[in-house]
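Chemist: Just so you know, the protein sequences line up as chains A and B, in that order.
Mapping the first sequence onto full-length UniProt numbering, position 641 (from 1) lands on 641, and the numbers just tick up by one.
Mapping the second sequence onto full-length UniProt numbering, position 16 (from 1) lands on 16, and the numbers just tick up by one.
Hints in this document: simulated from the structure, not taken from any laboratory.
Think of the CB as a built atom: it goes at the ideal place given N, C-alpha and C, for glycine as much as any other residue.
Computed spacing ranges between beta-carbons, pair by pair: (1) A:A617 x B:T167: 50 to 60 Å; (2) B:G23 x A:T295: 14 to 24 Å; (3) A:R621 x B:Q78: 32 to 42 Å.
If we take Cβ atoms under 8 Å as the criterion, some of the chain A residues that face chain B in the derived model are: (4) T23; (5) A39; (6) V59; (7) G62; (8) D119; (9) R121; (10) R883; (11) S942; (12) R943.
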Amino acid sequence: MRLTINDSAVETPAPAPGQCLRTLLRESGHLEVKKGCDAGDCGACSVLLDGEAVHSCIVPAGRAEGRSVTTAAGLAPGDELHPVQEALVESFGFQCGFCTPGMSVTASTLGPEDLGDLDRRMKGNLCRCTGYRPIREAICAGVGGGAGDGCGGCPTAALASAPAAPVEAEPEPVEAVDPAGAPMSGGVGDSVRPPRGREIVQGLEPFTFDTVVPGTLTLRVVGSPHAHARVVAIDTTAARAVPGVVVILTHEDVPRRRYSTARHQFRDDDPDDTRMLDDVVRHIGQRVVAVVAETAAAAAAACALVRIDYEVLPAVFEPEAARSPGAPVLHPELDESDRVHESGRNVVAALHGGYGGDVDAALAASAVTVGGTWQTSRVSHAQLETHGSIGWLDDDGRLVIRSSTQVPFLVRDELALLLDLPRERVRVFAARVGGGFGGKQEIFTEDLVALAVLRTSRPVAYEFSRNDEFVRSSFRHPMRVSVTLGAGTDGVLTAMKIDVLSDTGAYGNHAIGVMFHGCSESIGVYRSPVTRVDAEAVYTNNVPSGAFRGYGLGQVILGVESAMDLLAQELGIDPFDLRRLNAVRRGDPIHVTHPDHEEDIVWGSYGLDQCLDLAQAALRRGNGVEAPAGWAVGEGMALSMLSTMAPRGHFSDASATLRPDGVVVLDVGSAEFGNGTSTVHRQIATTVLGIGGDRLVLRRSDTDLVGHDTGAFASSGITVAGRALHAACTKLRTLVAGLARGVVGGGEGDDVFAGDVAADDVELGPGGAIVDGRTVPWADVLAAAAPEDLVTDGLRASVEERAYVRSLAFNVHAVRVAVDVETGSVRVLQSVQAADAGVVLNPAQCRGQVEGGAAQGLGSALLEEVMTDGAGTVTSSVFRFYRVPQFADVPTTEVYFARTSDELGPFGAKSMSESPYNPVAPAVGNAIARATGARVFTQPFSRDRVWRAAAEAGATGGATATAS
Amino acid sequence: MDVTTISSFRAARTRADLALAPGEVPIAGGTWLMSEPQPRTTGFVDLTTMGWPDLEVGPEGLRIGATCPIATLVEWAQGRQTRRTTSLATPPSDWAALALAPRAADALLASFKIWTTATVGGNVCRTYAAAAMISFAVALDGVAHCWAADGSERRLPVADLPTGDTTNALAPGEILRAVEIPAAALRSRATLRRIALAELGRSGSVVTGRVDADGAVVVGVTAATSRPVVLRYPGVPTAAELRADVEAAEGYYSDPMGPADWRRAVSATLALRVRHDLLQETA
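Extracted from the complex, chain A is given alone in its bound form (with noise of 0.2 Å):
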């Protein structure tokens, strides 16, 4: 078939009857056009065909012939870019970058007269990591020629005209500087923008599936349709005679071994509970049978040709009552030893304890009592790389997986356990990642990738589809959530009651952490002298939970936030000023269930008091924007706590090797998916070493780069990696600096070598170190250097990061809202977080991780929910039913930085991309209460939610309640 693609005449073989234009597209070379839901909802594959933008993945590839295809990569010619991509570069406009060629193609067909109804021209563009905001500044300057004047109608024109535009306070002066004195540019404080910018707006960064690995096979797999079952038979002759059928799997092909797709730095912190193919299903959709095939026509034609008898088994939904008498029970033969809790209840998890004394009694002395039960949803990560890799052979014979993961070291050795191989027979890596939020703390497909790859010993690819996300991943685990609080009649608190029950679905993953995860800060940020929790998690036959940003305690502190609030009403008291009276001060004992204080958690810094005034101050300030006539106005404020790594030891290798031509390659293992460590780490390269951008290389998330990484989860992107990336520059620097003074001393290098003076007054040159004004030739350098500090790139230093100590840092959350009672709609007219991360090492980003988590918080407490039958079958099962916040959906929200500086973390920084999540929910929660009257008990507060609890209540419109 001929036609025009980026100006370029093409003859392609001729499409296949079903074929979209987005595989053609790809199969021509054009990796830049991304698939995130296949299906037309996210536009992550829009390309222009004769102009006019489309979603590639829907067209129909036949209809495209004689005719003119514009990808993200042909918006310009040459190696230029579009005006809305290089504002998008300029301007932060991605995190993850995997949505961003769609939404760079969709805005270069817009014009001046298109920016007041943005809402509605890029309402089909998810973006799952930013917010919209710097997206929506981008194609303001882009297509208006600049966000002040081009965009009159621009929704945030008007904001940022209005008088609390959101603005970050100051970082800290940060205290390292160039040896020459002033501040270093490119370093840590400099809003350094991502390194590969001009690439990923043109799709042209690759992501795991951007690559061509010739000969891949396709694996897809048969789900259960049964949400608890017997394999009895399983024939799949039908479905060998496909042509093109490789080889197909069962659970007799497969280990004996159980395993936890979940992946924590010690297995034994999760259960073993899963096998890679069983023959005992708990939950539809889970995988029976893989297929694997030449092209993926086959393995889905052969899937259907799979005969399965199960036996069904009796199954149970509800979490309260598969912990009942008589439930039916999913893994009976599972016990502690496998660290499942209790299996005849299907309890997985249990904490049961507290300190201070009898809790009912402390209440019943109390002068005030609150209290709720609250209720969070299943929530799905979306983010828009689904899960998948690619595995293969190596010319060694090595196991090589390439991965959409955030724990490539995690996944080599699990598998090397499964699979009964030398660690060092398996690498695995992550080019870049388009998007976590911890769905990619799993295993989902490496091991079926890696089986088949062994099995057949050629290339095998296992890429989910959207509707493969919302079957068989994991979402939030949904939580009931009781608070009771007892208080004085001046507001301090006498007694906390927590009770939790978690639904961890048919499997374990992240069940146990995550549950007690949930039940720590959350209630440790509260000085109370009675505390008393009960939680359980369990196991129930709907698709399983996992780990989601803020790991629990986004749905505990919830109810304890809005129980909070309620002890605010009923006392009259502010609800800033009641955190005031309440909240830990530094240097207090944090504790949960014991009276001891948690020992691994130091005080390194502390920013809470900053950020409840700034988060007051702001929404005292207002924003200038009205609500709608008639509608009721509520403010609500939360805050949230979290340590700035996970508990029991978070470890990074890195080292940083100078190459002979003055180049420094930096070697970390965590990924980079949106976080924004990739930038960061070369920020502190360069204040470390003194060195700009342009002589520094930075690999990453590679098991064959450095001996171990725990990887990037629990927000340890700075403070474990970026510490050991720090001290690995160090140490090469003092490294550099002894050796070139042994050179021009004619001496010995070890006088000097351990003073950090020394390693100061030496300068890294382009050309060699500098000495005294002396420039020591790279080479002499590295000819002086001990055999063992050599590598074949250069010298190179290393450094083992044992990270066993937790800082804390805080976020508060507040917003004012508007409510039609009639309908239940809920506008956020002001949206504003206060975030103490310590030292700010770089402002633009740090504020995109914090708008993206309030943006994921906002889309969390007002839209998104994975609705089931009551059965186990998931019926929002697609973009189209399953609510990822569009640009209309999510306000601006002010972003604020407490001045701190950690004395943990390095240059002073705290960690600052989970926690931005977990106060918002609360804030919107509590807002609507003060509007309405009415509480919503149940997350999403959503229109139906909302409308039904204002008409009990009788609500009605016009009221105005404030926060403070």
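Based on the hints, put chain B in the right spot on chain A.
Modeler: Below, chain B without anything else, positioned relative to chain A:
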């Protein structure tokens, strides 16, 4: 997505070509057919090669070819000169109700990028309760002109076409040829209100209303009910009467786009807002 079960893609050029072999389905824009696996379908028969005119204006009213892209209808209704509308006659100036077309399109979850591919007929024939082209046609007493497999033809109100969410009265092999909108309805004053669980999400309720030249009022409820509900009044009903009628209507249903009780309540609220619009416009 690649629909891997499809082994033939056949262009239809004559009515005889529309005879469907086992496993074949007609395809227009294909925006739904290409968005999901189609396990029971083995062939597509392309309607867009039939050469049906997109929009025909006559004394009886507007005839919308089933393969007319939604974008064409919207652009033409807005009086915009685009590559799609340039060869079309401009709409009669007194067809005020054409203003409903872009508002109905906005009620779709699909963005403008889909409208250039998706067709009016495809949207009607997929027959989602939330199908906004059904909302548009129902608002204006649109008639479905259908070609049966045996060569016969029939016409039925678009409001009677849906039999439920995603099911309709078309017989096997029967093809929607056009949607016809009577001129009298096009000369009415019409309005549309909608709501979804997200601001621009898939509709949970769409309520339309119009006042004809003789003062008669027609209110349509779609998206909230599994089949369209049409309420007819000789004049503007009282608020209480309208609310009672909308609340008493049959077919409010629950799915991920909203539970039935909320859909019933917000449909009544939207109907009152529609009434308010109509009173303002007639004042």
